[in-house]
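Enquirer: Construct all of the structure, not just a fragment, from the sequences and the given hints.
From first to last, the protein sequence lines are chains E and W.
Each residue of the first sequence is one higher than the one before, starting from 1 at the first, in this note's numbering.
Each residue of the second sequence is one higher than the one before, starting from 121 at the first, in this note's numbering.
One or more of the hints may lead you astray.
[Claimed, not checked] Covered stretches of chain E, as calculated for chain W (at least 3 residues, CB under 8 Å): (1) 26 to 33; (2) 36 to 43; (3) 70 to 81.
Just so you know, these hints were derived from the structure itself, not from any lab.
Just so it is clear, the structure is predicted and the values come from calculations on it, not from any experiment.
Where is the CB? At the ideal position from N, CA and C, for every residue including glycine.
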Amino acid sequence: MKLTKEPGSARSGIGDWYWQRLAAVVLAVLLPLPFFLIIAVYTGGVDQLGLLDLLDNFVSRLLHTLLILALIVHAYMGLKVIFEDYLPQIGWRVTLIGSMLVVMSGFGIWWLAIIWAWGG
Amino acid sequence: MQCYKFGHVTGEGSDMKRRKPFSHGPQSPAASIYRWRPTMIASLAHRISGLLLVLFVPLYLWLLHGMTGSPEDFSDAYDWLHSPLGKMSLWLLGVALAYHFCNGLRFLSLDAGWCESRAMMRLSARVVLGIAVLVAIVLAVLL
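Expert: Pasting the structure below:
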């Protein structure tokens with residue numbers, strides 16, 4: 001007898017689980033930094049020149065690159081689980097997970113373009 | 121003996137014809153079924169704060185774009201941050217980030233097998249929810 005499985009169930013999922021935790025550890029270290037950066041600008045503690053000093057260097061570009069990669073991995077896994085839990089229709093799941101990948105890749109490329117262009 | 125595959129009952133079984141294939145997958149956490157406990161609130165709040173944080177990624181990118189642009193762009197971004205909408209966004213971002221951060225650490229420790237007893241899970245759920253409320257109050261006062 002030929003058996004068909006639901007989409008996604010052909011794999012154990014341990015890889016997704018592991019990557020989500022790995023990305024979580026990276027985010028736990030990196031994600032508070034942008035928040036404090038925005039707060040520093042908000043309070044006036046950092047002006048534009050100070051901000052550019054903080055951002056326009058190799059370390060900052062590297063950290064922002066790591067941040068967006070970890071964000072995409074973590075948000076993709078997280079949203080996928082939410083879709084899978086609350087959307088019973090396979091068609092909607094596939095559509096939304098697919099669009100999510102396209103939008104996230106787009107944002108990722110835009111993000112990388114912005115941060116690697118700082119200071120010319 | 122019956123063997124459930126893909127919602128159908130296969131093998132011998134008198135109710136074979138009456139079973140319908142799943143049209144609904146398991147929906148977890150099934151908020152309408154389980155009792156509301158701190159652990160379930162913590163779990164659902166983790167998802168909600170995660171969704172909010174995803175929405176803030178484009179906002180951060182837009183702010184970065186503005187703040188690293190011309191001096192006028194910078195002052196526009198600065199003024200937006202001080203507008204009511206900007207302040208509210210900062211507050212929401214701070215609360216969602218603080219909560220997702222703390223509960224994320226809680227989840228990681230549970231994955232590592234620490235504090236897994238029922239009592240500890242409920243206590244830690246209360247603690248992270250309490251921290252989020254505290255951050256919400258502190259940010260509301262400071263911003």
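Enquirer: Run every hint past the structure and note whether it holds.
Expert: Against the structure, the hints:
1. 26 to 33: holds (count 4)
2. 36 to 43: Check passed, 4 qualifying residues.
3. 70 to 81: holds (count 4)
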